[in-house]
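> Heads up: the protein sequence lines correspond to chains A and B, in order.
According to my numbering, the first sequence is numbered sequentially starting from 129.
According to my numbering, the second sequence is numbered sequentially starting from 926.
Since the hints were derived computationally from the structure, they do not count as laboratory data.
Mixed in with the good hints there might be a few duds.
[What the hints assert, rightly or not] Label-pair ranges, simulated between beta-carbon atoms: (1) Asp-140(A) to Lys-1116(B): 26 to 34 Å; (2) Ile-1150(B) to Ala-310(A): 33 to 41 Å; (3) Lys-966(B) to Lys-248(A): 27 to 35 Å.
Just so it is clear, the structure is predicted and the values come from calculations on it, not from any experiment.
Ideal placement from N, C-alpha and C gives every residue a C-beta, glycine not left out.
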Amino acid sequence: MKDLKILVVDDDPITLLLLEKRLKAEEYEIKTARNGTEAFDLISNNHYDVILTDLKMPGGMDGIGVLEATKAKNSRTEVILITAYASVDNAVAAIQKGAVDYLQKPINFDELMLRLQRIKNMKKLVKDADDLREAMDITEFNAGQTIQNLELTVAQLQSQLSEVENVLSQKGIDSSERVRLALDRLVAV
Amino acid sequence: MKKITPDEFQIIIKYIHDISGIFLDQSKAYLLETRLESLVKENGCSSYSDLYRKAKADASKVIERKIIDAISTNETLFFRDSSPFDVLQHKIIPDLIDLRTAKSPFLPPQIRIWSAACSTGQEVYSIAIVLKELLTDLKKYNLKLLGTDISDAAIAQASYGSYNKFEIERGLQADKLSQHFSRNGDNWKIKDDIRAIVSFRKLNLLLPLNGLGKFDIVFCRNVAIYFTIEDRKKLFNKIADILEPGGYLIIGSTESLTDICPRFEPKRYIKSIFYQLKE
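Given the sequences, and given the hints that come with them, work out the whole structure.
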């Protein structure tokens, strides 16, 4: 699996530059946006694995707006929010809206890398599960067709045989006539 | 991982069969280890047989319930294998409504459906969504949908009717999702009009099915595969007993009733088959 494609959103150019540099050094594919509106355009037209966004940004769209826009586009894209102050309420609200995590400023890069690694691992597991399920669906479909055809054939043969048995056990009819009728039943289908 | 000894394996598979009907052969020792190890630790047990003794001695049955939750496979998804739902929508429900209307033209047509191993509810809600989309005004019908499962945890989630993004993504089309679920963060909850026609309860399929009432349609998919042949025969016979004459049975696409229950007749509808109780 190729590395994560990450969009970093922050109105502070220094934080943005720093994040871009550090993440590129880890060989992640990075795109940056300087505010929510710019991020919104990028999210609408591109696919990202992870959005790393500041919570408080000036203009029409803050971090929660970016989170909501991301989740509306693709719920599998993970969003990490960056907050200036430790605010449990904000963090809980963000996670309720679908954020995977939040980080406090100043950013601890070791912590950020660990969280990204965790997202990468999880995406790999999800992909493996998808692949397995796909393989299972195909196998199940093919096996199902075979089994269901056999099921119908067996049922048909069983009813045919019970008719033959019936005919052969009718004592009132001459035995050669019984055999003839039984053969008729056998070739009927 | 804590290893299970052959003696412990014998004791525990018998216990699991007794409490759940699930039959595991020697090749499944790893399954017991992966699924029960955390319960061994959680209950402060020194071994699997210690866990067994604690479970047997526990009058509250909390450990027994946790063992069932851990052992039962909850693999399920919305509209798993679409063909049974096509049969339901285009063949079984229209036929049943015709039958009921011909018999009692002035009564709301009665349709009773049982999902015998409903897991976390996806199958029952898929059936309910088919009914809602086909019949439009559910109040004009006398509907009963019952979902049962051996696992308390599965029944609890089914009853709550909330699913995460992974569960939702599997099998559910976007239009059905937005129409029948409301969003809450990364979770989606089934809407009240659908939830209202469904009820859930815990049930062990190996026990007598007393008190369930009669049904027109039974879904029993991919559960008997975990049972012995003898238990399968008993189960499908009991299902035949609680179906109305001519009632319908849907089993998993890779399951077979040949030599299991001759009271059902397989019938083809387009690409898949369903079973009907012989009159």
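> Which earlier hints turn out false for this structure, listed by number in ascending order?
1
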